[in-house]
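Asks: Here's the letter readout for the chains.
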Amino acid sequence: MAEQVNRFALRRTLGLAAFTGVSLAVLGADRVLHVALHRTQVYSGFALLLVCVGLISFNARKKLPFLPLARASTWLQVHIYAGLTASVLFFVHLDGHVPAGALNVTLECLFAAVTASGIFGLYLSRTLPERLTYHGENVVFERIPALRQRLAAEMAGLAEKSVEESSSSAIADFYRTKLQAYFGGPRNLLAHTFRSTRPRARLLAQADAMRRYLDAAEERILGEVIELVKLKDNLDAQLALQGVLKGWLFVHIPLSYALLVFAVAHGLIALAML
Amino acid sequence: MPRRLQEFSFDRSTYDRPNQSWTCGRAAEGHPCLVGPSARGACQATSECRPVKHDDRWICTRPPGAGGPCDGGPLPDGACARPIPPCTPVRSLRAWRGIAVLLAVGLALGSVLLALGWRRGRTMVSPGDLTTLHQRAVPDGDCAHCHPRGSGAPIEWLVARVSEPGHASSSELCLSCHDLGPEPRRPHGQTSSELHRLGAVLVQTGAPATRPIALRVASRLLPGSDQVAGERACSSCHREHRGSDGNLSELSDMQCQVCHARQFASLDDGHPEFVRYGYDRRTRIEFDHTSHLTSHFTDPAYRARAPEGCPVCHVASASGQMLTESYERACMACHDQTIRGVGRVGADGLPFLSVPGLDVPTLEANGYSVGEWPDGSAFVDAPIAPAMAVLLAGDPLVAAALASLRGVDPVDLSRASPEQVWAAFTVAWAIKALYLDLSQRGDHVLEDRAAAALPDPAQRALLDSALRIRGGLADLTRSTSWFHRLEDEVPRYRAHPEQFVRAPAPTATPAARATPSPGSAAGSGSLLVGGGSLLGPSGGPAGGASLLGRAAAAQTAPVAPSPAPAGGSLAAAGGASLLGGGLLSGPPPAAPAPAATATPVPSGRRQSGAWFRVDADYRIYYQPLEHADLFLTRWYDLAAELAARAPEKPLDTLLAEVSSPDDPGACFSCHSLDRRSQGRFAVNWQSRRPDMQDHPFTVFAHPVHLNAARGAQAACTSCHQLDERAAYQQAFARGQLDPEHFASNFRSIERAECASCHTRQQAGAACTQCHQYHVGKFEPTRGALPPAWEAKR
Chain A
1 MAEQVNRFAL RRTLGLAAFT GVSLAVLGAD RVLHVALHRT QVYSGFALLL VCVGLISFNA
61 RKKLPFLPLA RASTWLQVHI YAGLTASVLF FVHLDGHVPA GALNVTLECL FAAVTASGIF
121 GLYLSRTLPE RLTYHGENVV FERIPALRQR LAAEMAGLAE KSVEESSSSA IADFYRTKLQ
181 AYFGGPRNLL AHTFRSTRPR ARLLAQADAM RRYLDAAEER ILGEVIELVK LKDNLDAQLA
241 LQGVLKGWLF VHIPLSYALL VFAVAHGLIA LAML
Chain B
1 MPRRLQEFSF DRSTYDRPNQ SWTCGRAAEG HPCLVGPSAR GACQATSECR PVKHDDRWIC
61 TRPPGAGGPC DGGPLPDGAC ARPIPPCTPV RSLRAWRGIA VLLAVGLALG SVLLALGWRR
121 GRTMVSPGDL TTLHQRAVPD GDCAHCHPRG SGAPIEWLVA RVSEPGHASS SELCLSCHDL
181 GPEPRRPHGQ TSSELHRLGA VLVQTGAPAT RPIALRVASR LLPGSDQVAG ERACSSCHRE
241 HRGSDGNLSE LSDMQCQVCH ARQFASLDDG HPEFVRYGYD RRTRIEFDHT SHLTSHFTDP
301 AYRARAPEGC PVCHVASASG QMLTESYERA CMACHDQTIR GVGRVGADGL PFLSVPGLDV
361 PTLEANGYSV GEWPDGSAFV DAPIAPAMAV LLAGDPLVAA ALASLRGVDP VDLSRASPEQ
421 VWAAFTVAWA IKALYLDLSQ RGDHVLEDRA AAALPDPAQR ALLDSALRIR GGLADLTRST
481 SWFHRLEDEV PRYRAHPEQF VRAPAPTATP AARATPSPGS AAGSGSLLVG GGSLLGPSGG
541 PAGGASLLGR AAAAQTAPVA PSPAPAGGSL AAAGGASLLG GGLLSGPPPA APAPAATATP
601 VPSGRRQSGA WFRVDADYRI YYQPLEHADL FLTRWYDLAA ELAARAPEKP LDTLLAEVSS
661 PDDPGACFSC HSLDRRSQGR FAVNWQSRRP DMQDHPFTVF AHPVHLNAAR GAQAACTSCH
721 QLDERAAYQQ AFARGQLDPE HFASNFRSIE RAECASCHTR QQAGAACTQC HQYHVGKFEP
781 TRGALPPAWE AKR
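Residue numbers (the numbering used here), protein chains in the order written: chain A, 1 to 274; chain B, 1 to 793.
Do not take every clue at face value.
Okay, the calculated bits of chain A under chain B, using three or more residues with CB under 8 Å as the criterion [unchecked claim]: (1) 24-34; (2) 101-115; (3) 134-145; (4) 219-232; (5) 246-256.
Chain A side only, calculated, beta carbon under 8 Å to chain B, not exhaustive [what the hints assert, rightly or not]: (6) Leu-37; (7) Leu-268; (8) Ala-272.
Hints are computed from structural coordinates only; laboratory data are not their basis. Every residue, glycine too, gets a C-beta built ideally from N, C-alpha and C.
Let the sequences and hints guide you as you build the complete structure.
Replies: Listed below in structure tokens is the structure:
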């Protein structure tokens, strides 16, 4: 464990050092070329375009897993620090001026959105897996509907069983009024995203409050019901958090491709005007 | 221990394919089929397994993950007994993400193609607004005004980039509006040799300077190999499309210096020492501050009129230059009487017309008859006034005659060549014709003569403007008693000039040849004032000096109506004897009367308007009336023009007139005369004035500095310290025409004085605070100003 932590720290240190070094080199080169009356924006623009292409190629790399092009985790590290370097290049390219014109403003907004979504995604990928692990059993995202279906069927079975084994319909009524809809689909996704346990606590409190009216058989069934509620709650949490983990890519990746289109157009126009 | 929902084992786990585009429609129900949809999203499941035949028996092959072999097994015909109802496959999350990517790319491509292909898309691809003046210069917003490939839609720019690689540069389009002199793209607009010279001077000045590291590195990375000989694009320094209030001339100190042979950190660290800063030439108006401040202004006679401080005579212009107040405010109180000629010794006018002395006997002896010619003119020795020479030179024959007479004393033609005698004859008749024309046609003849003599429109304009003051000249000419038979003689001469030329006498009378004349007694006499070029190559130092001396003498001490000297009488007598001796052997019937019948020497002064005639001088003068007299200023300007443009012609002798401080009006006692490039001369009628065309390397904003000093008197003297030992007036001595050879009244301003305030922390020390990059004389920007401003210009 300690070795793994040390490796992670070393990786981060190396990454930050490389990012700092490259950024300083970029700033220094820009400064010197600026003094030498070069068109620094041409250089920074080309460099930025190349970095953007390299960043987007990470997505292509994931679609070509059979190619021996280093590990995806290495690509991800390069992607992260190259993305940060792109931000530095971007500010160098702006040269202290806020762009104007529809094309340039769109380009700037796209870059800002892609960068922000990337940083947000980095934050999510560093925080949500830990929450997923501590919340309960990690399930495969694609299997969640099937598992939810299974839990719903089990819950329906428990409700029938409670009626058969006792003369009371308390659990069945609780199922009909509260649990049937709860198990019918994803619930409380927003609350799970923002770490709120209030919906789960409220439901468990309602189940617990019913306990005083139940006999021993029903109380045992109620225990199983509570167990299913907790499993369903975990499924919802998994769905919400994994959904966020996958959802930010719905912003980051499409906008990245759009950014590339606008960047190429911008570069061509600049080239034509040189 | 909470219950686990998933099972992971090789035979229990289902195989999820999240990277595929389609998933089974029953996956959400917890019962996905094992087959899965096709790549195109079609359900392809038929049954839960595909039974295999083994020894005539069909065996179920349902995998353990799906429950293992079913109890009933396959049907007898080998079909699976558990068919799967068809489902509606659903897209996977990745597929939806792919669709989102396609939508985003499609939207982006559509927008870009619209911007590139639409003619008005240039506004969409524009990187920013132009500066206000450039917006006014290109109100239609057409990019082609500044970008060589910028016409049409943006997509056409790209096509042009590929198809027309050798297109004009943007700099050339910049220069279509911006005049930056003959070398607009070279550093500072200077030639290579000048840049090399300046670089060598800079390297030699001052101690080695501290060079910033970035500057050292940048100097090695400059584009192009030869920084001095190379050309720079305008966009190297000027960045447009940065908003209407963008600063086009924003440059850092290091950018300014990157090409320089000598680089330094700041004004107080390595900047070259100033060389004669503040005083780069002699003052245009000769004003000796030392003598005025220490002598004249302290004299009780003038103390009351002395200015109380510098701002009385010096005011700052809007552009920041310090200017001198007008004559009326600064000088007139003490100097007006001098200009009006009060107390002046000698004639108080400029000779305009004259009757030069002429060796009539020798002319007659050579067969040339000039008709009536006043005898007294020979004693006065009034050479042809320069102005009259201009009016005569319209006739090429006369111009050639004038040229031929250069250096010849017309009062003694005994040693003149036959051509020079003929020239004297021709000029004499031309003078008589001029007098007749003026008498008969009035002063309009001046315009005709000027037009004939001065083909150059600029010169003619100068003379025309000078001759606006001509009222009275014709009256004076008409009433002269110098000639009495002009109306008879001149028309006959014009009709039959050959009648005035006869075969010369076999030998001239020895007495006539030996007769000394007043002109010859005076030395190198000449028909023309100066007799040769003052500055031209033909004059020579001695001749030029003597001619100037004669000119000055003629102006400062005109011949008084005193009794004629003995030589004069001898000449008169000789002339009479020659004519009387019949050397002409009987003039033809149409020939004029002999010169012996000339009128006696007249005397007296007659005034008419700005003109006056002194009969005893045989001259008609122009009298300056006030400061900045129009006639005199234009006349001297014309003289300077003629001296520059036609040095080989006798007209250049006019310059002799403009170089004397003793001229009527005393113009040149204050106004200096400069020799400029290409042999040109200019009279400095004005002190330094803001010049829109002049773009010096160093600028100084006086108002800002005076405001900082709150207008204190010490604000001026803290920088301009009087140097009482400076030989200021030597730079204005006669013949000193080079304005750059001078000694200022003030000590040079030192770099340390500026650097004491101009640090980065205080008043700022940016290069562009004091220096301009585009140096030289050139027109202000064309076309970038609003129409109303252009109209004013």
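Asks: Please go over all the hints and tell whether each is borne out by the structure.
Replies: Okay, the hints, checked on the actual structure:
Counting residues of the segment 24-34 of chain A whose beta carbon lies closer than 8 Å to any beta carbon of chain B gives 4, which reaches the threshold of three, so the coverage claim holds. Closer than 8 Å: that is the beta-carbon criterion, and the segment 101-115 of chain A has 5 residues meeting it against chain B, so the requirement of 3 holds. For the segment 134-145 of chain A, the assignment as covered by chain B holds, since 8 residues bring a beta-carbon within under 8 Å of that chain's beta-carbons and 3 suffice. Counting residues of the segment 219-232 of chain A whose CB lies closer than 8 Å to any CB of chain B gives 3, which reaches the minimum of 3, so the coverage claim holds.
Judged by the Cβ-Cβ criterion of 8 Å, the segment 246-256 of chain A is covered by chain B as claimed, because 6 of its residues qualify and three suffice. For A:Leu-37, the suggested interface contact is upheld, since its CB lies about 4 Å from the closest CB of chain B, less than 8 Å. Here the hint on A:Leu-268 is kept, as its CB sits about 6 Å from the closest CB of chain B, short of 8 Å. For A:Ala-272, the interface hint holds, since its Cβ comes within 8 Å of a Cβ in chain B; the closest pair sits about 4 Å apart.
Of the numbered hints stated above, none is contradicted by the structure.
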